[in-house]
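Work the whole structure out from these sequences, hints included.
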Amino acid sequence: MKKIINLLVLIVVSNVAYSATVYDTLHINKVSYQIGGVFGYTFQACVFNSSEVFNVQNEIIEINEGDILELHIINHDTLNHTFTIDNVVESNNVILPFDGANDFTLSFNSIGAYRFYSDVFYGKHLGASSLIMYGYEDYPRYYWNMFEQSDTLSNEIAALTTTEIPFDYQPDIFTINMKVHPDLENDPRAKIIQNVGDTIYIVVANSGKMLHVLHFHGYHVEIIDASLTPMYNGWIKDSFPIVQGEVVLVRLVPHQEGIYPVHEHNLINITTNGVYPGGMLNLIEIQP
Amino acid sequence: MKIIVLSLVSILSCVAYGQNVQTINLVTQMVQTLVLDDGSTTQFWGYGLIKPNGAYQASIPGPILNINKGDSVYINMYNDSPENHTIHLHGLDVNQANDGVGATSFTVATQDTATYAFIADHEGIFLYHCHVLTTLHLTMGMYGMIVVNNSPNSNLIFDNGPSFTNEYRFLTSDMDRTWNDNTLSIPALFKFKANYFMVNGKSGNQLYNHAQSHVESYVGDTTVLRLGSMAYAKTRYIFPSELNAKVYMSDGRILANAFETDTLIVNSGERFTVVLIPDSNINGEIIVEYYEARNNNLEHTNMIKLNGEASINEAEVGLFDVYPNPANNQITFKTLSLGSTIQIFDLYGRFITSIFVNEISTIIDVTDYVNGIYILKYQDKTLKIVKQ
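Heads up: the sequence lines are chains A and B, in that order.
Per the numbering used here, the very first residue in the first sequence carries number 1; after that it's consecutive.
Per the numbering used here, the very first residue in the second sequence carries number 1; after that it's consecutive.
In short, the hints are calculated from the structure, not lab data.
Every value quoted in this text rests on a predicted model; they were computed, and no experiment measured them.
Note that the Cβ used here is the ideal one computed from N, Cα and C, for glycine as well.
Among the hints, a few may not be true.
To be verified - Here are the simulated EDC-like pairs of lysine to aspartate or glutamate, each with C-alpha atoms no more than 20 Å apart in a straight line:
1) Lys387(B) to Glu359(B)
2) Lys191(B) to Asp151(A)
3) Lys384(B) to Asp346(B)
4) Lys387(B) to Asp38(B)
5) Lys193(B) to Asp151(A)
6) Lys209(A) to Glu299(B)
7) Lys387(B) to Asp321(B)
8) Lys191(B) to Asp168(A)
9) Lys69(B) to Glu167(B)
10) Lys193(B) to Asp168(A)
Claimed, not checked - Sample of chain A residues lacking proximity to chain B, with all beta carbon distances greater than 12 Å (derived):
11) Phe54
12) Ile63
13) Ile85
14) Asp198
15) Leu214
16) Val243
17) His263
Here's what the structure looks like:
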């Protein structure tokens, strides 16, 4: 009898955990930002942060499978924004400027990665885009949010002097999580440090304005879910595209130790302001 | 000394596990001459095979390296150039020491020789390229294809997979000619703008008329195409539907869901194995398109002649001639058979324009055409024309 009671208690506790409500707050901040060290330059950035103190890296939210997310969003910008998740939250909401706020209750039907963004031109094209990871809580998870920018264009967008991407768009800085090589080595969300045989999940998002292609050295990965190119689901690849607005979830089970680059294979993207190496060049470190 | 130690470790590990031993001797050279489609020349850097007599000559792309699954492979690279280079074995998942990235493995200095060693665990298509100042060195021409065959004794694509009767390899790449013309004055690297799109190092008529680049695939054949891309862009193949193209492998792995398609996108660094089983003997072309990655604009188109021995174009020489093709602004149409009407349609069969021919030479203005492929009809003959 005692054993049965214990089991029931365990089931109740696990069910409570399964249906937890998670509360989080995001702050929309927009500033001028210097990136890329001596080879970089200043550009305009708009991001979702965990506080009203600007951090160039967008906040990433992780919740467990079954959790409900109560999200409070405060807009510190001087312009309207939205909070949009494709197929989950439509763009017809408005978060008013000057500390206006909205609340969102989010539940997800399937485990995976969801990209959220501000669906106004000056939001998404200045970098206001990040990820919610729903599930996979028992595994190490990494996030590579790819975003390229032109400093000239970013100034024009922020000044509201343009409302479209020019046909001859020529980005000069290429970031992952708003960082460039070698600064990416200091981003624990980006640089993978794991062991041989581990099961690792990596979310790759394209929040930029152009096609990106990622190439893994040393390993192949299994594509679990490519949100806009589902043909790739289940393929084992070392190079794969992430089209504009797409989120691709991949699984890596490293078979060998070593330090290997992972980088954009359209190689203009592994430069910073025209200087190599830089940009979208990341590292994987696999220990025995 | 570090290079020698790393190489020895790799060699010993390969000897322990590999089956057959393949040794390949490569050279790297700079300031080589490339003849372009328009007859002009520029310079390139590249890889070449060192022949048994010691002779070598770099090419663009580099030589295709043919090996077999299970082989222990040793690539000896002699650097006959004034700068450091490496070989990155793209997709072969080699150990760190042999990965060809200077910061994490080693570089090969001027007039030095080093060995890259690995075991070819998987059949399929792989690539190799220099990984020193990669954005520049690769587009200058330092790349090539590696084909790992399933077995030296079979023509299977993979174990229990389809067999093939003939095989073709196509590697796409691009070039910003201003870089090749003056390597001492390279602009900021993000300014790369391709003005040449190449298939196996050739473009335009140079490719179309190159007999070794023609695909011969008739009823009864099972033709395998091994496709890879080193272009800084999206490339797209368009296969005539009669070929019944089916994709079986990508990046050296078997696809769980092989699929039939008339079009196939190959992005930078990707590889695909495609099987053609024609249901009729057709003439024409396999179209290869180049889309600029920054705006997804179709900027270049190449054509691989299909069944060129009985090419529709050669059959039509007596009726009319069209040039240039591809064209930017205008096409000259020449014929001795006057009194009929040229009709132009898009690929969806939509009528674009018609021009009555009453002179030997007729100018077709395509300035306002959207970049892409069009069908030109004259009397009972048709021809694909390309606006770019």
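Here is how each hint holds up against the structure:
no.: 1; hint: Lys387(B) to Glu359(B); verdict: 23 Å, violated
no.: 2; hint: Lys191(B) to Asp151(A); verdict: 14 Å, holds
no.: 3; hint: Lys384(B) to Asp346(B); verdict: 10 Å, holds
no.: 4; hint: Lys387(B) to Asp38(B); verdict: 17 Å, holds
no.: 5; hint: Lys193(B) to Asp151(A); verdict: 19 Å, holds
no.: 6; hint: Lys209(A) to Glu299(B); verdict: 18 Å, holds
no.: 7; hint: Lys387(B) to Asp321(B); verdict: 16 Å, holds
no.: 8; hint: Lys191(B) to Asp168(A); verdict: 11 Å, holds
no.: 9; hint: Lys69(B) to Glu167(B); verdict: 17 Å, holds
no.: 10; hint: Lys193(B) to Asp168(A); verdict: 10 Å, holds
no.: 11; hint: Phe54; verdict: 26 Å, holds
no.: 12; hint: Ile63; verdict: 31 Å, holds
no.: 13; hint: Ile85; verdict: 24 Å, holds
no.: 14; hint: Asp198; verdict: 16 Å, holds
no.: 15; hint: Leu214; verdict: 9 Å, violated
no.: 16; hint: Val243; verdict: 9 Å, violated
no.: 17; hint: His263; verdict: 9 Å, violated
Of the hints listed earlier, those the structure fails to meet are numbers 1, 15, 16, 17, in rising order.
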